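Chemist: As a plain string of letters, each chain reads:
Protein chains: 2
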Amino acid sequence: MAKDILYLKIAKAVAKQIQSGTLQFGDRLPSLRSAQKLYNVSLNTVKQAYMELESLSLVESKPKFGYFVSQTSQRKLALPSISTINISEKEKMDEDLLKKVFDTISKPDITQFALGIPGDNFLPLAKMKKSIINVAKNKKDSGTAYEPVQGNEHLRREIAKWTLVLEGKITEDDLVITSGAMNAIYNCLMAVTKPGDSVAVESPVYFGILQAIQLLGLKAVEIPTHPVYGVDLDALKKVLPTISACCFVTDFNNPLGFQMPDENKKELVRLITEFNVPLIEDDIYGNVYFGSERPKPCKYYDEAGLVMWVNSVTKVLAPGYRIGWVAPGKFKDKIIRQKLIQTVCSPSFYSDVIADFLEHGRYDHHLKSFRQKLYGNYLQIQRAINTYFPDNTKMSEPKGGFMLWLELDKKICTEELYNEALSRKINFAPGRMFSQHNQFQNCMRLNYALEWTDRVESDIETLGKMIKNRM
Amino acid sequence: MAKDILYLKIAKAVAKQIQSGTLQFGDRLPSLRSAQKLYNVSLNTVKQAYMELESLSLVESKPKFGYFVSQTSQRKLALPSISTINISEKEKMDEDLLKKVFDTISKPDITQFALGIPGDNFLPLAKMKKSIINVAKNKKDSGTAYEPVQGNEHLRREIAKWTLVLEGKITEDDLVITSGAMNAIYNCLMAVTKPGDSVAVESPVYFGILQAIQLLGLKAVEIPTHPVYGVDLDALKKVLPTISACCFVTDFNNPLGFQMPDENKKELVRLITEFNVPLIEDDIYGNVYFGSERPKPCKYYDEAGLVMWVNSVTKVLAPGYRIGWVAPGKFKDKIIRQKLIQTVCSPSFYSDVIADFLEHGRYDHHLKSFRQKLYGNYLQIQRAINTYFPDNTKMSEPKGGFMLWLELDKKICTEELYNEALSRKINFAPGRMFSQHNQFQNCMRLNYALEWTDRVESDIETLGKMIKNRM
Numbered sequence: 141m142a143k144d145i146l147y148l149k150i151a152k153a154v155a156k157q158i159q160s161g162t163l164q165f166g167d168r169l170p171s172l173r174s175a176q177k178l179y180n181v182s183l184n185t186v187k188q189a190y191m192e193l194e195s196l197s198l199v200e201s202k203p204k205f206g207y208f209v210s211q212t213s214q215r216k217l218a219l220p221s222i223s224t225i226n227i228s229e230k231e232k233m234d235e236d237l238l239k240k241v242f243d244t245i246s247k248p249d250i251t252q253f254a255l256g257i258p259g260d261n262f263l264p265l266a267k268m269k270k271s272i273i274n275v276a277k278n279k280k281d282s283g284t285a286y287e288p289v290q291g292n293e294h295l296r297r298e299i300a301k302w303t304l305v306l307e308g309k310i311t312e313d314d315l316v317i318t319s320g321a322m323n324a325i326y327n328c329l330m331a332v333t334k335p336g337d338s339v340a341v342e343s344p345v346y347f348g349i350l351q352a353i354q355l356l357g358l359k360a361v362e363i364p365t366h367p368v369y370g371v372d373l374d375a376l377k378k379v380l381p382t383i384s385a386c387c388f389v390t391d392f393n394n395p396l397g398f399q400m401p402d403e404n405k406k407e408l409v410r411l412i413t414e415f416n417v418p419l420i421e422d423d424i425y426g427n428v429y430f431g432s433e434r435p436k437p438c439k440y441y442d443e444a445g446l447v448m449w450v451n452s453v454t455k456v457l458a459p460g461y462r463i464g465w466v467a468p469g470k471f472k473d474k475i476i477r478q479k480l481i482q483t484v485c486s487p488s489f490y491s492d493v494i495a496d497f498l499e500h501g502r503y504d505h506h507l508k509s510f511r512q513k514l515y516g517n518y519l520q521i522q523r524a525i526n527t528y529f530p531d532n533t534k535m536s537e538p539k540g541g542f543m544l545w546l547e548l549d550k551k552i553c554t555e556e557l558y559n560e561a562l563s564r565k566i567n568f569a570p571g572r573m574f575s576q577h578n579q580f581q582n583c584m585r586l587n588y589a590l591e592w593t594d595r596v597e598s599d600i601e602t603l604g605k606m607i608k609n610r611m
Numbered sequence: 141m142a143k144d145i146l147y148l149k150i151a152k153a154v155a156k157q158i159q160s161g162t163l164q165f166g167d168r169l170p171s172l173r174s175a176q177k178l179y180n181v182s183l184n185t186v187k188q189a190y191m192e193l194e195s196l197s198l199v200e201s202k203p204k205f206g207y208f209v210s211q212t213s214q215r216k217l218a219l220p221s222i223s224t225i226n227i228s229e230k231e232k233m234d235e236d237l238l239k240k241v242f243d244t245i246s247k248p249d250i251t252q253f254a255l256g257i258p259g260d261n262f263l264p265l266a267k268m269k270k271s272i273i274n275v276a277k278n279k280k281d282s283g284t285a286y287e288p289v290q291g292n293e294h295l296r297r298e299i300a301k302w303t304l305v306l307e308g309k310i311t312e313d314d315l316v317i318t319s320g321a322m323n324a325i326y327n328c329l330m331a332v333t334k335p336g337d338s339v340a341v342e343s344p345v346y347f348g349i350l351q352a353i354q355l356l357g358l359k360a361v362e363i364p365t366h367p368v369y370g371v372d373l374d375a376l377k378k379v380l381p382t383i384s385a386c387c388f389v390t391d392f393n394n395p396l397g398f399q400m401p402d403e404n405k406k407e408l409v410r411l412i413t414e415f416n417v418p419l420i421e422d423d424i425y426g427n428v429y430f431g432s433e434r435p436k437p438c439k440y441y442d443e444a445g446l447v448m449w450v451n452s453v454t455k456v457l458a459p460g461y462r463i464g465w466v467a468p469g470k471f472k473d474k475i476i477r478q479k480l481i482q483t484v485c486s487p488s489f490y491s492d493v494i495a496d497f498l499e500h501g502r503y504d505h506h507l508k509s510f511r512q513k514l515y516g517n518y519l520q521i522q523r524a525i526n527t528y529f530p531d532n533t534k535m536s537e538p539k540g541g542f543m544l545w546l547e548l549d550k551k552i553c554t555e556e557l558y559n560e561a562l563s564r565k566i567n568f569a570p571g572r573m574f575s576q577h578n579q580f581q582n583c584m585r586l587n588y589a590l591e592w593t594d595r596v597e598s599d600i601e602t603l604g605k606m607i608k609n610r611m
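First to last, the protein sequences are chains A and B. Numbering-wise (the working numbering), the first sequence opens with residue 141 and increments by one. Numbering-wise (the working numbering), the second sequence opens with residue 141 and increments by one.
Just so you know, these hints were derived from the structure itself, not from any lab. Treat the numbers as computed from the prediction; the structure is a model and nothing was measured. Mixed in with the good hints, there may be bad ones.
Identical copies go unnamed one by one, so any copy, or any two together, can satisfy a pair.
[Stated by the list, open to error] Straight-line distance between alpha carbons at most 25 Å, and here's what the computed BS3-like set of lysine-lysine pairs gives:
no.	residue 1	residue 2
1	Lys-334	Lys-247
2	Lys-280	Lys-270
3	Lys-279	Lys-247
4	Lys-301	Lys-436
5	Lys-240	Lys-472
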């Protein structure tokens with residue numbers, strides 16, 4: 141029996157046990173070595189079988205602990221399809237769509253499923269207030285002085301100390317403070333390209349990245365992306381000789397929610413190093429993991445200084461502060477120069493407040509409760525979609541982050557649905573925003589990092605009804 | 141006798157009276173009508189004579205009050221020459237020069253003549269602190285929420301109310317908040333050009349503008365600029381058909397200090413309207429006038445929505461807050477879209493602090509004392525240069541703003557002088573930074589908005605000695 145059929149046979153057997161309820165959520169699968177003996181096959185065949193189960197979201201691996209039956213193994217909804225990019229359909233997106241979605245940014249009466257903004261109940265508002273007042277009292281210059289162009293030294297030091305995931309690979313001198321992560325991405329793109337160049341992105345791609353690429357006169361090359369494994373490395377390899385940069389959200393991807401496996405990250409870094417193509421790694425959701433530990437970013441595997449690692453406090457602490465940072469590898473001087481020209485420096489006051497937060501361990505403490513609360517919300521929205529949406533809805537399985545990606549019946553156009561939803565004060569991100577091509581019209585992205593109230597529950601129900609009515 | 145010789149004759153007669161001491165600093169010249177009778181000539185001839193005297197800096201006009209003998213009429217130093225741009229000398233500027241100058245930005249032990257940063261004693265630090273704490277206490281969200289992309293509504297309303305100089309021509313809806321004035325200029329340039337386009341600038345030109353132009357892949361066209369009247373409109377007219385934008389500092393120019401006369405502003409707006417070329421008007425020094433009232437910016441004369449009027453609180457209130465704004469005329473939507481892509485929105489907290497300041501009239505109160513103090517410093521530095529610098533030094537005559545422009549003996553290279561000065565902890569801006577061409581090597585710009593201490597006085601003396609030693 142051919143090897144590739146053998147591993148599928150084993151996977152099928154385990155899947156059956158899960159479907160029948162013999163194996164239940166949280167149960168541990170036999171270890172690789174036990175399974176090897178059990179099925180009398182090679183270790184590699186067992187590995188392949190377990191990875192197949194993982195790709196079906198029936199099991200999940202916990203490093204050092206083995207494979208477990210996943211919470212979503214009994215999910216009734218399928219995973220979204222892998223995008224097949226159809227470049228011929230170059231219908232232009234309505235520019236107003238982005239504007240409409242963002243015009244709701246500061247309207248409190250709208251349920252904010254569209255934008256990746258955490259609800260107030262997720263943020264340590266009282267502690268922040270205390271920090272602000274403390275910093276204000278102690279700051280002799282009342283925040284009026286300029287900072288070094290590279291960014292507040294105290295903040296850079298605290299970020300470097302706090303970034304344990306990189307195991308000391310960056311110091312304060314490797315970091316540049318930016319006006320949020322989007323500003324870092326914009327400047328990274330500017331530093332490594334010239335107008336007319338091409339940049340590889342995921343598909344679907346976060347619309348902020350797409351917009352930055354277009355603003356800079358660049359071309360986006362959308363690479364097919366798997367809802368569990370991330371960007372298709374074979375497809376990427378083919379275009380690498382023709383592009384100037386990659387820009388990916390490798391962990392808790394926006395919008396698909398996947399965590400790129402370590403092996404894929406290593407291979408990605410190997411590839412970009414071989415072709416000498418910089419990778420802008422948007423890692424802003426990296427600390428919002430649902431698993432046992434924070435995944436290593438690609439930056440961790442980077443020896444050539446080609447990975448520009450982007451992070452911020454926007455998603456989990458203070459969106460309105462606009463504090464982000466980048467470890468731009470060998471492009472640091474260029475980034476600093478661009479920052480000088482564009483804005484001279486960052487506002488100093490907020491930098492001190494965030495540095496204070498980091499220094500006293502308050503940030504890690506906050507992150508812990510943030511993740512717990514967010515995971516609770518994820519289970520809520522998953523349940524609500526299961527309950528209220530049509531059965532042929534396909535749903536992503538985020539391993540962290542804020543975003544759920546839904547693929548609806550082909551007949552549904554979420555851009556049309558959008559206006560009706562907004563009139564009912566429900567805001568979501570239509571799938572069309574996530575591509576330069578005319579695709580994902582039947583998709584939507586939902587942010588679940590908001591306070592889970594009866595109103596939110598009923599808004600999901602409303603959305604579900606609206607969709608069913610159109611089918 | 142030809143008319144043009146007649147007015148020069150009258151000007152000469154008055155100049156003689158000033159030189160002999162018959163007319164002294166502060167004396168009022170005969171009114172236009174009295175002089176018309178006195179010399180028995182047309183009103184226009186008298187006007188021309190008085191304008192000639194003004195261009196020689198012997199008299200100054202105070203709107204509604206007439207012409208007065210100027211404080212600098214007895215100055216021993218000449219005005220700087222009008223630049224003659226030699227495009228053939230395209231020697232590249234040392235990129236490190238800009239970096240060296242800015243690396244001193246947060247070093248308190250260096251006398252900061254180089255950058256346009258007000259000294260601490262110029263800023264209302266205690267009042268700012270109070271405002272910060274008040275805003276922090278009252279802000280429910282601790283500044284964590286996003287603001288509208290266009291900018292904080294409260295701040296925009298207060299700016300619109302406070303901008304009396306435009307006589308109600310702008311409302312809160314016409315303004316976009318930016319990360320300081322440089323960010324506004326950068327975005328204005330981006331909004332009205334594409335890579336490869338040309339932009340007209342003054343000569344010498346503020347290096348920030350030059351850098352932004354280069355970063356965006358644009359070409360700067362340096363227009364000869366008069367140290368009293370500003371950009372040469374005839375020279376500008378010749379290039380207008382070939383350029384995509386103008387970017388000028390019309391009031392209290394950086395670095396020359398002039399206030400462009402009203403007539404020239406009107407003509408400038410007429411010209412750009414005729415050729416449909418947008419004007420980016422950097423007016424950040426507009427409120428720092430030494431005369432009797434704030435000059436009208438070009439924006440005041442703009443009917444076509446072509447003038448993009450840029451302002452900020454950086455120069456007089458809080459450099460480190462990075463709060464600027466632009467009234468971008470008909471390019472508003474484009475600017476807002478760019479801002480969304482680059483930074484999403486501005487930090488909210490500082491916006492509230494500045495809005496609070498404006499709302500309670502504290503800003504105007506502060507500006508009044510700021511101007512008095514600054515004018516005192518201007519007299520100090522003028523005296524010090526007169527005392528310690530060689531007699532063949534040419535010196536600008538700023539009508540407001542922070543900057544003094546010096547043209548030294550042809551033998552002096554201020555780029556070489558710079559390193560020696562910096563080793564003595566004196567920072568100034570070498571003239572070479574103010575052009576893309578290899579010129580102004582014998583010039584320097586000095587910021588006098590710093591606390592006038594014995595150290596500062598002795599630093600000017602040191603600079604003077606260094607220059608004399610090299611001659």
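Chemist: Which of the numbered hints are not met once you compare them with the structure shown?
Modeler: Number 1 only.
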